[in-house]
Amino acid sequence: MYEKYLIKDFDRQHYDCCHVASNFIKDNFKIDMTIVDNYSREYSPDQAYNCMMDAFTKNNFVEVAGSCKKGDLLIVKKNMCCYVCVDEKIALSVRKIVHISKISQRATHLRHRSLL
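Each residue of the sequence shown is one higher than the one before, starting from 3 at the first, in the numbering used here.
Do not take every clue at face value.
Simulated restraints on C-beta separations [stated by the list, open to error]:
(1) 13 / 107: 26 to 32 Å
(2) 71 / 11: 26 to 32 Å
(3) 79 / 99: 18 to 24 Å
(4) 69 / 45: 27 to 33 Å
(5) 3 / 44: 32 to 38 Å
(6) 5 / 64: 28 to 34 Å
(7) 60 / 5: 25 to 31 Å
(8) 16 / 98: 15 to 21 Å
Pairs of lysine-lysine, BS3-like flavour, derived with a Cα cap of 25 Å [claimed, not checked]:
(9) 104 / 91
(10) 28 / 72
(11) 10 / 91
(12) 60 / 79
(13) 6 / 71
(14) 32 / 98
(15) 104 / 80
(16) 10 / 104
(17) 71 / 28
(18) 71 / 98
(19) 80 / 10
(20) 32 / 60
(21) 71 / 60
(22) 79 / 98
(23) 72 / 60
(24) 28 / 91
(25) 32 / 10
(26) 6 / 28
(27) 10 / 72
(28) 71 / 104
(29) 91 / 71
(30) 91 / 32
(31) 72 / 6
(32) 6 / 104
(33) 72 / 32
(34) 80 / 91
Just so you know, the hints here were simulated from the structure itself, not pulled from any lab data.
Even for Gly, the Cβ is constructed at its ideal location relative to N, Cα and C.
With the sequences and hints as input, model every part of the structure.
Have a look at this one:
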């Protein structure tokens, strides 16, 4: 069901975890993700979390608390990864599906303003 988001090879410039989130959100909510798609990937791994947060907040995502729902983002600083929630229990990233319960406690939870 989500294979089209998982089959790409990781390549920060052409397809990374933020592209997975962007593609899912565009496909499911018709939200313009141009800012995220065009955001520079020229940064060090130490800067990844801040760059992801900057790109998504410039694209009208805001930090929220509470349970996750479809289209929410979870950005984990420790492994510098962005996950997009496909429902209340499952999230996607590059080549992986994870249970939200395994990452939500250590992630920054974002939601697009239009989905509030």
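Evaluated hints:
Hint check: residue 13 to residue 107, Cβ distance near 29 Å, so the stated range 26 to 32 Å holds. Take residue 71 and residue 11: their Cβ atoms lie about 29 Å apart, and the range 26 to 32 Å holds. Between residue 79 and residue 99 the Cβ separation comes to about 21 Å, which falls inside the hinted range of 18 to 24 Å. In this structure the supplied range 27 to 33 Å holds for residue 69 paired with residue 45, their Cβ-Cβ distance being about 31 Å.
Between residue 3 and residue 44 the beta carbons are some 33 Å apart, a value that agrees with the proposed interval 32 to 38 Å. For residue 5 and residue 64, the Cβ-Cβ distance of about 30 Å falls inside the hinted range of 28 to 34 Å, so the restraint holds. Distance hint check for residue 60 and residue 5: the Cβ-Cβ separation is about 30 Å, which falls inside the suggested range of 25 to 31 Å. Checked against the hint of 15 to 21 Å, the pair residue 16 and residue 98 passes, with Cβ atoms roughly 18 Å apart.
Taken as a hint, the residue 104 and residue 91 pair is honoured in the structure, with Cα atoms around 10 Å apart against an allowance of 25 Å. Between residue 28 and residue 72, the direct Cα distance comes to roughly 12 Å. Compliance with the 25 Å bound is thereby established for this hinted pair. A threshold of 25 Å between alpha carbons decides the hint, and for residue 10 with residue 91 the separation of about 23 Å falls inside it, so the pair holds. Between residue 60 and residue 79 the alpha-carbon distance is near 18 Å, which keeps this suggested pair within the 25 Å criterion.
For the hint linking residue 6 to residue 71, the alpha-carbon distance of about 20 Å falls within 25 Å, and the restraint holds. Under the criterion of a C-alpha separation no larger than 25 Å, the hint pairing residue 32 with residue 98 is consistent with the structure, at around 23 Å. With a C-alpha separation of about 13 Å, the suggested pair residue 104 and residue 80 falls inside the 25 Å cut-off, and the hint holds. Our distance criterion of 25 Å between C-alpha atoms is met by residue 10 and residue 104, whose separation comes to about 23 Å.
For the given pair, residue 71 sits about 16 Å from residue 28 by alpha-carbon distance, which is consistent with the 25 Å threshold. At most 25 Å may separate the alpha-carbon atoms for a hinted pair to count; residue 71 and residue 98 meet this at roughly 18 Å. With a CA separation close to 23 Å, the supplied pair residue 80 and residue 10 stays within the 25 Å bound. Taking the CA atoms of residue 32 and residue 60, the gap is near 17 Å; set against the 25 Å cutoff, the hint holds.
Between the alpha carbons of residue 71 and residue 60 the distance comes to roughly 21 Å, so the proposed pair stays at or under 25 Å and holds. About 17 Å separates the Cα atoms of residue 79 and residue 98, which keeps this hinted pair within 25 Å; it holds. Pair hint residue 72 plus residue 60 holds up; C-alpha atoms about 20 Å apart against a cutoff of 25 Å. Our distance criterion of 25 Å between C-alpha atoms is met by residue 28 and residue 91, whose separation comes to about 20 Å.
For the hint linking residue 32 to residue 10, the alpha-carbon distance of about 21 Å falls within 25 Å, and the restraint holds. Restraint check for residue 6 and residue 28: the C-alpha separation of about 13 Å stays at or below 25 Å, so the hint holds. A hinted pair counts as satisfied when its Cα atoms are at most 25 Å apart, and residue 10 with residue 72 qualifies at roughly 21 Å. Only pairs whose Cα atoms come within 25 Å are accepted, and residue 71 paired with residue 104 is accepted, the gap being roughly 15 Å.
Simply put, residue 91 and residue 71 have alpha-carbon atoms about 8 Å apart, close enough for the 25 Å limit, and the pair holds. Of the pairs offered as hints, the one joining residue 91 and residue 32 holds, with about 22 Å between alpha carbons and a cut-off of 25 Å not exceeded. For the given pair, residue 72 sits about 17 Å from residue 6 by alpha-carbon distance, which is consistent with the 25 Å threshold. With a C-alpha separation of about 23 Å, the suggested pairing of residue 6 with residue 104 holds against the 25 Å cut-off.
Pair hint residue 72 plus residue 32 holds up; C-alpha atoms about 13 Å apart against a cutoff of 25 Å. At roughly 21 Å between alpha-carbon atoms, residue 80 and residue 91 fall within 25 Å of each other, so this suggested pair holds.
When the structure is compared with the earlier hints, no violation turns up for any of them.
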